[in-house]
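Engineer: The residues making up each chain are set out below.
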Amino acid sequence: MSSLSDISIELLIPEIMMIIGILAMIIMPNLGDAKIRIPLTNTSIPVLIGGTRFNQVNNPYIPSIIAIFTFSLSFIVSLVMIQGETNGNVGEIMEINQFTNLFSLIFTSTLLITSIATFYVMPPRKDPKIPKNSDSIDSVSTKINILMNNRRQVDFYILLSMVGLGMCLMSKSTHLFLLFVSLELASLSSYVLVGFYKEKDIGGEAGTKYFIVGSVASAVGIYGMSLLYLWNGDLQINSLSNSWSSMEILDPMAGIGMGLMLVAFGFKVGAAPFHLATPDAYSGASSPIAGLLATASKAMGFVAIMKILFIVTLPEEGTEAYWMIAIVIISVITMTWGNFAALTSDNPKRMLAYSSVAHAGYMLAAIAAIGSGLGTQNSNILIITAVIFHLTILVLFKLGAFLVLSLLEKEGLSHNMDGLKGLARRDSTIAVSMFIFMLSLAGIPPLSGFLSKLLMINGIVNISAGTGSLSSATILNWASSVNIIFWLAISIVINSAISLFYYLRIGLIMFFEEPVSSKPLEKSIYLRITIIICAIFTILFGIGPLSEILLEIVNEAAQSLV
Amino acid sequence: MDQVKHEYPLLYPLIPILLLAPFLKIIGWDSVDAAFLIVTVPLLIFPTILIIGQIFNKNKVWKNKWKEGGILALGALAVSLTIALWILFDYLYGSYNFTDQSILTWFEWITFDFLQSDFTISEEIRIIGVGIWIDQVTLMILFVATFLCFLICWFSMGYMNTDPINEDRNHRFYAEFVLFSMGMFGMVMADSFLWLFIFWEIMGLCSYLLIGFYYWKVSAAYAAKKAFLTTRIGDVFLMVGLFILYDIYGSLDFEVIFDDPSTGVAGALVDSNQLFWALLLLFVGAVGKSAQFPLHVWLPDAMEGPTPVSALIHAATMVNAGLYLVARMVPFVDVHYNGVSGLENLGIIIAFIGGITAFMAALIAFVQNDIKKVLAYSTMSQLAYIFTGLGVALWFYNTDHHHAAMIAFGASMFHLFNHAMAKGMLFMASGSVIHEMHHAHDHMNNEGSHDHDFDPQDMRNMGGLASKMPITATAMMFGSMSIIGVPLIGGFWSKEGIIAETWKAAIEYEPLMLIPAILILATAGMTGFYMSRMWLMTFAGEPKNDVVNHVHESTPWIREPLLILTVITAIGGFGLALLDIIHFLSADTDHLEMHGFLYTLEHAFLPSDMTTRIVGWTTILLSFIIGPLIAARVHGGKLQKGMKAIVPINWLVILSSKFGHQDVENMSKSQFSEALQNRLYFDDIYEYLISKTIIPFANLSAWFDRIIIDGIIKQVESISVSSSIQIRKITTGSARDYILMAAVGMISIFILIWGVNA
Amino acid sequence: MNLDILSILTLVPLFTGITLIILPQILPKEMSSNLKKITRNICMGIALAMFAIATMIFIGTIGNVEWTNLLHGEYVLKNEQFSLISSIGVQWKVGADALSFPMIWLTAFLIPISMLVEWDAKKGHIFHPLILIMEGALLGVFVSLDLFVFYVFWELTLIPMFLLILLWGGEDRKYAAMKFFIYTFTASVFMLIGILIMYFHTTPLPGIGSMTGHHFDLVQMSIQGNFMPNEGLRHFVWILLLIGFATKMPSVPVHTWLPDAHVQAPTAGSMLLAGVMLKMGAYGFLRVAVTIFPESTIIFIPLLVFLGMASLVYGAWVCMGQTNLKRMVAYSSVSHMGLIFLGIATMQPLGFAGALFMMFAHGIISPLLFAVAGSFKHHYHTLEIGSMRGIAHHSPFLSGHMMLGWMASLGLPLMAGFVAEVAILIAFWLSFGWLVMLPTLTLVITATYYLTSMQRTIFESDNPHQGILPDSLHGDKPRDVTWHENTGMFILGIFTIIFGIFPFIFWDMMSVWSTEFMTEIMIDAMQNNNIWRPSLGWILEAFK
Amino acid sequence: MIDPSWIVGLGVILFGIGLLGTFYHKNAIVVLMCIELMLNSANLNFVAGAMYYGDVNGWVFTAIAIAIAAAEVAIGLAILLSMYSTQETISLDDANILRN
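Chains as they are written, first to last, in my numbering: chain A, 1 to 562; chain B, 1001 to 1758; chain C, 2001 to 2544; chain D, 3001 to 3100.
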């Protein structure tokens, strides 16, 4: 047992920053001139909390500014940590390495972007008026609403920070229970965030569904974890890994436990058939939150999956993992389902949700390839690199797409394809950015989405194409002898082709339909800049030196995972 | 109107061309060095006329001084003619050594390597070059082509530029005309089969363009397409023939092939069977181009083009291309010099096709009333003569009857010459008639208002023109005589030879030849009939239409070519026969030698060989006596009272009325006559076949592509969409269903894993 | 890094185009509206400069290269290669040889012309830069010797073309653009899998591929030759590559995107699509599939013959059944591209050279055809064959160009197409004998549909002084082509004839390349399979 | 001392009931309770494990899991309230604006 003093605090700076941020968010808006009279005296000491707020903290933007500030700081810190290749252990339950650093970066960047977006999506009103007796009922209620809205800002950003905190902790934990608890922290906050969109009917409904299905999933997961505990007596990942590899035949308890945990994580990443609530949640939540779910939350799920699958259950080289066939089937179903469902979706958010499901399928396919045990350590790392790379750049273009939707959200146009109609005429820059995001999602070179998809297919092909029997002289002989994993690559390819249809459709709608309203989009300068930056990086990470740098980082992360 | 306007001053700019050959000689060129000018000058003039004409379409100077490009075209053709004559002169009397035959290679068109059967690349690089090849046949046809092109271009300036319907469009005519000329010259001089084919196709294009000159006429557009496609069918076979030849010899150059046709590439012995197929396919190409049975259907329709075009392309030059190609087959079969034996069948097939076409065309010509159509069928028939002659020649060559072969070959080539000159003139004369009829008709009907029902080409509207158009009548008379084979005039000298040699082959060697022999002998008589009929219907008798009375021979530029060609037709044949052209053309000698006058006559009328003698006299009897006699009985008649033609024609007209009159109304209503009117239904059958096979099949293909192949794609799309809608329905919106499905999925996956691992 | 001439050729138009599209969005209103006015002039200037550079290369460098001394795998104008994504072995490596150079020149030649033809395009400030981007992407395909970059450029060509069809297309443009994009993309991702399988089998090169240990270097792959141990896999990869390339060419039965795309595309788009983009398929097939898998190519000769024959013959028949002028021309492209497969299948240097020349010749002729069809659309607002007659009276220049283009395309001698046709067919006879009757007889079909379409548009009228005008003109006065269309078509026509009369300008290098290619690559494979001439009998046996 | 396997057995039964209940009941509150059941079955397992292994961690896990469950219920009720305030239903079947 290590004592607190052994913990090297510097390893947890991003988390600590978020905690500080949360505290600041709680305290700052409440600062006021309240004084407490020292009993029995007339002197009153200012306690700074309560009373009439100071002018400086009266600004309703305070929470969002704090959040943005916090996230940018943690983002920078994560960058620094990646740069410095920081690693180390926090007790026995957390480990910091390039992998966790990279994911901290992913999470914090997602949250940063999300908070910038929400800065505009749910803006507070300045100078709220206190209702007076003379006001009519209507104006009283609006005024109260405004007040409430301003009040909610804090809640929202606190929840956002909670999500970040949970995610960062989760990626670092090496103890299954901590992993699960932090996951729950993030999940529970995100349920609320989904439901936070109260102005519309759908907010509550989306939150409910997401919450119910999510809680069932996490209950299943926690039950699975308890089974693992029963089996092993310890939830340290390393310890589980040792027991697993020493296991001769599959212990049903371990197997079922692991399977149930996978269900929970499968829900997080949106794998079929656990994905059903995702489109509902995405379409019900406000766009930035949907973006958060599609990127950070998904990344979190994949971190968990990778941790338990690659660290715990990965068999020796050359033997097939027990779960391989399951993941193969799930991945194929997931990508097909996602793509087909997205094909005719007329709600852009649902479409993006389904596309996100499909992308989960691609990544699961890559994971299944590792489970086949065909690859060497190196080729496995290559595949993991591909997956992580994909998760990283998803932040750019998937979140970017949601950001574009969030620009439209104000006008209430983000729930229907009609809203995107004629976007190019209203704002060509945004439309072009959106088109770039779509093309990148579709995997069109030279955008970064292509590179990641290429890496995944490459990884799969890499380990499977050589499996066909050497003596096969004809295609049919060869095809019948090749490992099933190879067909995953073909399946990805076919699915990419199908997906192209709906991605391009967005382009068509944006460029060639008459706009519903002709007034220009809201300025929202920072959000706009963020979108453009996302678009630019989507291109830059596709080919050239920047992609090179990112790939190297990701590669290191992948190496440190395995 | 009566006075023929002379516009010769317009020709002054062309005078320097006459000095071109001397000038080049002085600066040290050989005649063959200048040969490329024959082709390139027209080639360059073609776009010049076209572009200038399109831009300065309505310009007065362009129209009046340059004759809408006519002067330029004439100049280009003058250059070609000058140089062609120079080469001819050089060949006959000059110092240049033509024995190497393949004279020059201008540039290497394409070069490539060849993979041999031992998996090595051939050491010598294969070259397909461009050059010229000159021998007697080349020279003769080159002369014919350049000379006739020049004259017909001259004629066109009268014919085309005075027709109001051609206003502002004549530059197109002249441009296409020179391009065509270039094709013809190039084909004749080409030194390889490939380049022969290339120019051959260029001519096909020009033929298409010129037939379709009156593009707005539905019939013209149709005829143009028909001509191109029909010849194209022949051409693709020709192409395959070329491939086979290439396969055999590893080259398509005359030099390489003719050097030793019995050994192929790398010294391999040539398989006569393969060569037979190659030559047969080449012959199919020739059949298409020369409008022989069964690809003859395009030629009559081609008369839709302006008359100079008919004169040039469809009588005098282009249709000779097929003959030229067959003539080029001689070295393959000439077993006397390295030829490949065993190709007798080729000669027989060619002779058969020739015989059949000759007879058939003559039959159809019986009932034609359109003056140009008659000439068209006559062309087909005469070309068929030449084919028969060539077929016989090839047969003789292959069976090693060298002397007979040379006579047959020489006679065929000589007939080509005679026919080209005569037919060129006949068409121009007919053009003159048509033109004047048209003018007269317009004149009558207050110029401008066209009466579309009136057909200036229909002989039933003519009659009695002899007095109105003396020059035309004379020209046409000599032309017809040449075609008929009236003794001592033009075609007689060559036709006799062909018929006699065919009979000789049939009687003495190969009974199969009897069929073409009989056919062409019969055709000789029929020729006598239909040519006389045409002349008599046009020029003799009383006018059948008012229009005739207003006809004058007044258009400039038209008379000179007629006069020149009349002279050539009248005495040229005899003159060349005196020079023993037959042996010259068959490469027996390379000089023209003067024979004695009497010797030639004796040779022609009283040959020592009895067969030849009998056949010769039968021919004369049939073609000169019986045919014209019947024609005179049917169509002959005196001119209208008070009308007088010049002496010989007047005499002829009066003579034609002396044989009584026979009414053929009943005969013309017979079924057979109707069949002939309908060209023996060949066109109908072809049309029917095409409309029942090709068109439906094309539509079927289009349908198949749209519905099946693209339909599969569309089906994939619609299935995707419908399955997408279905799959979206699974997301019911109820959280309970989600949980249920997740649970079911989870459990089934557990079962699956358990099953796999157990 | 020193950019070499080929990189400049590729990147300058690409980036200029992108800049010209983005700049007006960023600049203040006034400046951007000024910029928009001169955009097309800038684009034209750059395109002409690129053409000048390409021609200079030809005259200066390529023209003097002794092609006979060039071993296969050696390229001229190579650059100093540097890595783009070194961890997975992607490099920027460019070079040209006799296979790619004519295509490079052709692209540089066609771009200014297609700009010229659509000089007055609406929204020209986007149109012309898009064409420049197109140029960059197309040239990128032809110059890059790294499969990754090749693939990137390959797909990059889709985007400008997609936008061209979408923004300037006809009524049904959305469907066509989507079909075009998805169809060809789907095919090329199969090709991508093939590329990746190849990639995985490469052996490491020093300095690149730090992460994977593999590289995309095409030259190394072809030098390595038969580097895949697994024969079945080799064939499989070959088939995957074929799917990608054949769809682009396009070959029956994966051709149906082409007519739709063509009919809807703007004139310049059609010209580039037919002129260069289709050649990408043939080029890639030769460059990648045949070069790296000669043995598979030999094995699959029957398939090649079948595909080529199907495209050629069936395509021609379908052409005949079309009523839309542009559709017909599009199918004729399908038909002509079939000859390329046939040329390759002959396994003769002549056939290869013929196929190369076919690519080149078709690249000049088909833009002319589409320019003509585009002008019809532009001036008569319809493409329906037979809805107008006797147009020659109203549009003499257009009719003249139509005549020239149509004749060139049906393989009339002294025009570029004939050279290729005759070379391929000679080689085809040498290998397959009487089977050649099928392609040659198809020439008649080709002639039939071309002539019929001409007869029913520019010929035939009821009046010598007026044509029958289409309803779509609504009684307006018909016009002849505009000066810029006219100039563009003139240039194309002139070059068609120049290369028909003097084919050796490009033929010589193609011929030498083919010979080298045979000796270096194919002969071993042929010897192994003991095939000298892949005759008909051999094919029939293979089917057993 | 009860044999831990009985506890585990009870847990399995509870888990089954909970899982079945989640998709059997329409009422969101009941579903929430079923989820509690599932969580509690996990708790039972932890307890059984702690007993079996004599590991104190198991107890800690149980305690934290209970806390998680509490948080979950709190949040769940809040969200349900929010849904009720807009849709005036807490039936999971009736709340289906978002579907397909």
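The hints are simulated quantities; they were obtained by calculation from the structure and are not laboratory data.
The C-beta atom is built at its ideal place from N, Cα and C for all residues, glycine as well.
Each hint should be verified, as a subset may be incorrect.
What the hints assert, rightly or not - Just a few of them, taken from the derived set where beta-carbon distance is under 8 Å, the chain A residues facing chain D:
id : residue
1  : Ile-76
2  : Leu-79
3  : Pro-131
4  : Gly-204
5  : Ser-226
Claimed, not checked - To be clear about the criterion: a stretch of chain C counts as covered by chain A if any three or more of its residues have a C-beta under 8 Å from a C-beta of chain A, and this derived list gives those stretches:
id : segment
6  : 2175–2188
7  : 2232–2239
8  : 2308–2315
9  : 2434–2445
10 : 2476–2484
Engineer: Quick check: do three or more residues in the segment 2476–2484 of chain C have a beta carbon closer than 8 Å to a beta carbon of chain A?
Structural biologist: With 0 residues closer than 8 Å to chain A, the segment 2476–2484 of chain C misses the three-residue bar; violated.
Engineer: Between the segment 2175–2188 of chain C and chain A, are there enough contacts, at least three residues with CB-CB distance under 8 Å, for the coverage claim to hold?
Structural biologist: holds (count 6)
Engineer: Do three or more residues from the segment 2308–2315 of chain C put their C-beta atoms closer than 8 Å to C-beta atoms of chain A?
Structural biologist: violated (count 0)
Engineer: Given as covered by chain A, does the segment 2434–2445 of chain C meet the bar of three residues or more with CB within less than 8 Å?
Structural biologist: violated (count 0)
Engineer: Tell me if the interface restraint on A:Pro-131 is satisfied: Cβ within less than 8 Å of some Cβ in chain D.
Structural biologist: A:Pro-131 check fails; min Cβ-Cβ to chain D is 20 Å, beyond 8 Å.
Engineer: Using 8 Å as the Cβ threshold, decide whether A:Ser-226 counts as touching chain D.
Structural biologist: holds, 3 Å
Engineer: Was the hint right that A:Gly-204 lines chain D, CB cutoff 8 Å?
Structural biologist: Nearest chain D Cβ about 3 Å off; hint holds.
Engineer: Closer than 8 Å between Cβ atoms is the bar; does A:Ile-76 clear it against chain D? Give me holds or violated.
Structural biologist: With Cβ-Cβ at 31 Å, over 8 Å, it is violated.
Engineer: Given A:Leu-79 as an interface hint, is the shortest Cβ-Cβ distance to chain D below 8 Å?
Structural biologist: violated, 32 Å
Engineer: Taking 8 Å as the Cβ threshold, is the statement that the segment 2232–2239 of chain C is covered by chain A upheld or broken by the three-residue rule?
Structural biologist: It holds: at least three residues are needed, and the segment 2232–2239 of chain C offers 5 whose Cβ sits within less than 8 Å of chain A.
Going down the numbered hints, you'll see the structure goes against 1, 2, 3, 8, 9, 10, while the others check out.
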